[in-house]
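Enquirer: Using the hints provided, position chain B relative to the given structure of chain A.
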Amino acid sequence: MLVLTRKQGQSIRIGDDIIVKIVDIDGSQVKIGIEAPKGVLIFREELYEKLRESNIEALKTSKELKPEDFIKGV
Amino acid sequence: MITLKTERFGELVINQNEIINFPYGIPGIPFERFIIRECLEPVKWLIAIDDPDVAMLIVSPFKFFPTYGFELSDEITSVLQAEKEEDLEIYVSLLKYNDGVAANLKSPFVINKNKKIGVQILLEDERYQFKVPIRK
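Protein sequence lines, in the order shown, are assigned to chains A and B.
Numbering-wise, the first sequence is residues 1 to 74 according to this note's numbering.
Numbering-wise, the second sequence is residues 1 to 136 according to this note's numbering.
Note that these hints are calculated values from the structure, not bench results.
Incorrect hints may have been included.
In the PhoX-like style, the derived pairs of lysine-lysine whose C-alpha atoms are separated by at most 25 angstroms in a straight line are [to be verified]:
hint, chain 1, residue 1, chain 2, residue 2
1, A, LYS38, B, LYS113
2, B, LYS113, B, LYS63
3, A, LYS63, B, LYS5
4, A, LYS66, A, LYS50
5, A, LYS60, B, LYS84
6, B, LYS96, B, LYS116
7, A, LYS21, A, LYS31
8, B, LYS63, A, LYS66
9, B, LYS96, A, LYS66
10, B, LYS96, B, LYS63
11, B, LYS115, A, LYS50
12, B, LYS131, A, LYS60
13, B, LYS116, B, LYS63
14, A, LYS50, A, LYS38
15, B, LYS131, A, LYS63
16, B, LYS131, B, LYS63
17, A, LYS50, B, LYS131
18, B, LYS131, B, LYS84
19, A, LYS63, B, LYS84
20, B, LYS96, B, LYS115
21, A, LYS38, B, LYS115
22, A, LYS63, B, LYS115
23, B, LYS5, A, LYS66
24, B, LYS5, A, LYS60
25, B, LYS115, A, LYS66
26, B, LYS116, B, LYS84
27, A, LYS7, A, LYS21
28, A, LYS38, B, LYS84
29, A, LYS38, B, LYS116
30, B, LYS131, B, LYS96
Residues from chain B that keep clear of chain A, each with C-beta distances beyond 12 angstroms, as calculated [claimed, not checked]:
hint, residue
31, LYS5
32, GLU83
33, GLU85
34, ASN112
35, LYS115
36, LEU122
37, GLN129
38, PHE130
Just so we're clear, the structure is a prediction, and the values are computed from it rather than from any experiment.
We put the CB at the ideal spot given by N, CA and C, even for glycine.
Okay, chain B solo, but in the shape it has when bound:
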C-alpha cells in the first residue's frame, strides 16, 4: 500500500493491485503507472501515481456513443494479454467544449482490468475524431 499526499485528491491510498501499467506510456505524459478512481458516476479519474496531480477525466464511451466500436490489432491484444473481450475496459478522455464537454473518440484507453495493463490506441477510423461533443 502506498500513501501519497496530493493537492487535488488529498491523501491518496493506493493498493499495489490497482496500479495499471501502460507499457507504451501515454503520449504527452511522461509516466507509465496509473490508477483509476471514481469521480462522479460514470466519470472517473485516470491518475498518474508518479505525479498524482497529473490526472484526467475519463468515461466509458458506450453510454454516450452507443454505436462506438473498433477492432483491436493482434499486436495490441497480445500486449494487453487479453484472452477475451470481457477482460477489457474502454475509456475515453473528456475535454472542454464551449460550455460543455467533449470526448476524444480517436484515441481510447484500452485496459485489461484483470492484468492491469493499459494502452492508448489511435484509431484509423475517420468517423472518430479527437473532440466530439457529448450531448447534455
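Chain A extracted, bound-state conformation:
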C-alpha cells in the first residue's frame, strides 16, 4: 500500500480525475473530501463490506425463505 503524509488542506490526486483532500483533522478523526467522476461510487469501507455481505446472505437465504409466511396477514 502506498502511504503518503499530508497536512490539513493538502490533497492527493489519483489518476486524472480523482482528488482526495484532507479537509480537517481533529484528534483521531480526519475529515476527507473526495472529488470523483460520475462513474465512481464512494462508500465507507465498513458499510460497503456490510452491503456486500447482506447481498451474499440474500442470495443464500432466498432458497430458505417462504414469502407466503409473511404475506399472510399483511
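Expert: Relative to the frame of chain A, chain B by itself:
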C-alpha cells in the same frame, strides 16, 4: 429472446427489453444484467441472467414500511436517466430473520423501469439498517 435452462426456475425465457443493466454492479455479485420476475405477490425475484441460479427475493418496501423514503443524489438520478419519480421503482432484498423475514432497508435497489437501468444505493440515514424484521 433468450432461453436459459436453470435449476431453480426451470426454463427461463427472457426478452431483451426486460433486461435491467446495473452499470455499477451489485456488491458481492459479479454480474450486471438482471431481470425481475414475479414470485408471490408482492415478492419478486431479482435474477442474474448470466447465472440464473444467482437470485434474490425482493419486495417494494412501502407496504411494509410506509414511512420509508430517501432522496436520490443528482449523480444517481443522472446515472438512472430518470426524468421523474414515476420512472423509478424501489425494491429491497429479503433476508431470513429467526423464523421470519427481514428487509435490507439500508441499500435499496432503485430501477428506472422505462430505461431498464438499476443501481443499488447505500443510504447514510441512520434510521435504516441492513436487517429490519418485517412483521407477519
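Enquirer: If a hint holds in the structure, say so; if it doesn't, say that too.
Expert: Hint-by-hint comparison with the structure:
1. With a C-alpha separation of about 21 angstroms, the suggested pair LYS38(A) and LYS113(B) falls inside the 25 angstroms cut-off, and the hint holds.
2. Straight-line distance between C-alpha atoms of LYS113(B) and LYS63(B) comes to about 19 angstroms, which keeps the hinted pair within the 25 angstroms bound.
3. About 18 angstroms separates the Cα atoms of LYS63(A) and LYS5(B), which keeps this hinted pair within 25 angstroms; it holds.
4. Proximity of LYS66(A) to LYS50(A) is assessed by CA-CA distance (about 24 angstroms); at most 25 angstroms being required, the pair is judged to hold.
5. For the hint pairing LYS60(A) with LYS84(B), the CA-to-CA distance comes to about 34 angstroms; that exceeds 25 angstroms, so the pair is violated.
6. Taking the CA atoms of LYS96(B) and LYS116(B), the gap is about 28 angstroms. The hint is violated against a cut of 25 angstroms.
7. Between LYS21(A) and LYS31(A) the CA atoms are separated by roughly 9 angstroms; this keeps the pair inside 25 angstroms, and the hint holds.
8. Taking the CA atoms of LYS63(B) and LYS66(A), the gap is near 18 angstroms; set against the 25 angstroms cutoff, the hint holds.
9. Annotation: proposed proximity of LYS96(B) to LYS66(A) holds, straight-line Cα distance about 9 angstroms (limit 25 angstroms).
10. Restraint check: the Cα-Cα separation between LYS96(B) and LYS63(B) comes to about 19 angstroms, which is no more than 25 angstroms; the hinted pair holds.
11. With a C-alpha separation of about 29 angstroms, the suggested pair LYS115(B) and LYS50(A) falls outside the 25 angstroms cut-off, and the hint is violated.
12. Taken as a hint, the LYS131(B) and LYS60(A) pair is honoured in the structure, with Cα atoms around 15 angstroms apart against an allowance of 25 angstroms.
13. For a cut-off of 25 angstroms, the pair hint linking LYS116(B) to LYS63(B) stands: about 23 angstroms separates their Cα positions.
14. A threshold of 25 angstroms between alpha carbons decides the hint, and for LYS50(A) with LYS38(A) the separation of about 23 angstroms falls inside it, so the pair holds.
15. Taking the CA atoms of LYS131(B) and LYS63(A), the gap is near 17 angstroms; set against the 25 angstroms cutoff, the hint holds.
16. With a CA separation close to 17 angstroms, the supplied pair LYS131(B) and LYS63(B) stays within the 25 angstroms bound.
17. Restraint check for LYS50(A) and LYS131(B): satisfied, since their Cα atoms lie roughly 11 angstroms apart, inside the 25 angstroms limit.
18. Annotation: proposed proximity of LYS131(B) to LYS84(B) is violated, straight-line Cα distance about 29 angstroms (limit 25 angstroms).
19. This hinted pair does not check out: LYS63(A) and LYS84(B) have alpha carbons roughly 35 angstroms apart, beyond 25 angstroms.
20. Annotation: proposed proximity of LYS96(B) to LYS115(B) is violated, straight-line Cα distance about 31 angstroms (limit 25 angstroms).
21. Restraint check for LYS38(A) and LYS115(B): the C-alpha separation of about 18 angstroms stays at or below 25 angstroms, so the hint holds.
22. Restraint check for LYS63(A) and LYS115(B): not satisfied, since their Cα atoms lie roughly 30 angstroms apart, outside the 25 angstroms limit.
23. With a CA separation close to 23 angstroms, the supplied pair LYS5(B) and LYS66(A) stays within the 25 angstroms bound.
24. For the suggested pair LYS5(B) and LYS60(A), the alpha carbons sit about 20 angstroms apart, so the restraint of at most 25 angstroms is met.
25. Taking the CA atoms of LYS115(B) and LYS66(A), the gap is about 31 angstroms. The hint is violated against a cut of 25 angstroms.
26. Distance restraint check for LYS116(B) and LYS84(B): the Cα-Cα separation of roughly 14 angstroms lies within the 25 angstroms cut-off, and the hinted pair is therefore satisfied.
27. For the given pair, LYS7(A) sits about 9 angstroms from LYS21(A) by alpha-carbon distance, which is consistent with the 25 angstroms threshold.
28. Of the supplied pair hints, the one linking LYS38(A) and LYS84(B) holds, its CA atoms being roughly 20 angstroms apart against a limit of 25 angstroms.
29. At roughly 19 angstroms between alpha-carbon atoms, LYS38(A) and LYS116(B) fall within 25 angstroms of each other, so this suggested pair holds.
30. Restraint check for LYS131(B) and LYS96(B): the C-alpha separation of about 9 angstroms stays at or below 25 angstroms, so the hint holds.
31. The beta carbon of LYS5(B) sits about 18 angstroms from the closest Cβ of chain A, which is more than 12 angstroms, so the claim that it is off the interface holds.
32. No Cβ of chain A approaches the Cβ of GLU83(B) within 12 angstroms, the least distance being about 17 angstroms, so the stated non-interface status holds.
33. At the 12 angstroms boundary, the C-beta of GLU85(B) stays outside the reach of chain A, the nearest C-beta of that chain being 21 angstroms off.
34. No beta-carbon of chain A comes within 12 angstroms of the beta-carbon of ASN112(B); the shortest separation is about 16 angstroms.
35. Consistency note on LYS115(B): stated as away from chain A, and its beta-carbon is indeed over 12 angstroms from all of that chain's, at 16 angstroms minimum.
36. Separation of LEU122(B) from chain A is inadequate, the least Cβ-Cβ distance of about 6 angstroms not exceeding the 12 angstroms criterion.
37. The claim that GLN129(B) is not at the interface with chain A is violated, since a C-beta of that chain comes within 12 angstroms of its own (minimum 9 angstroms).
38. Interface exclusion of PHE130(B) from chain A breaks down, the closest Cβ pair being 5 angstroms apart, not more than 12 angstroms.
Hint compliance for this structure: hints 5, 6, 11, 18, 19, 20, 22, 25, 36, 37 and 38 are not met, and every other hint is.
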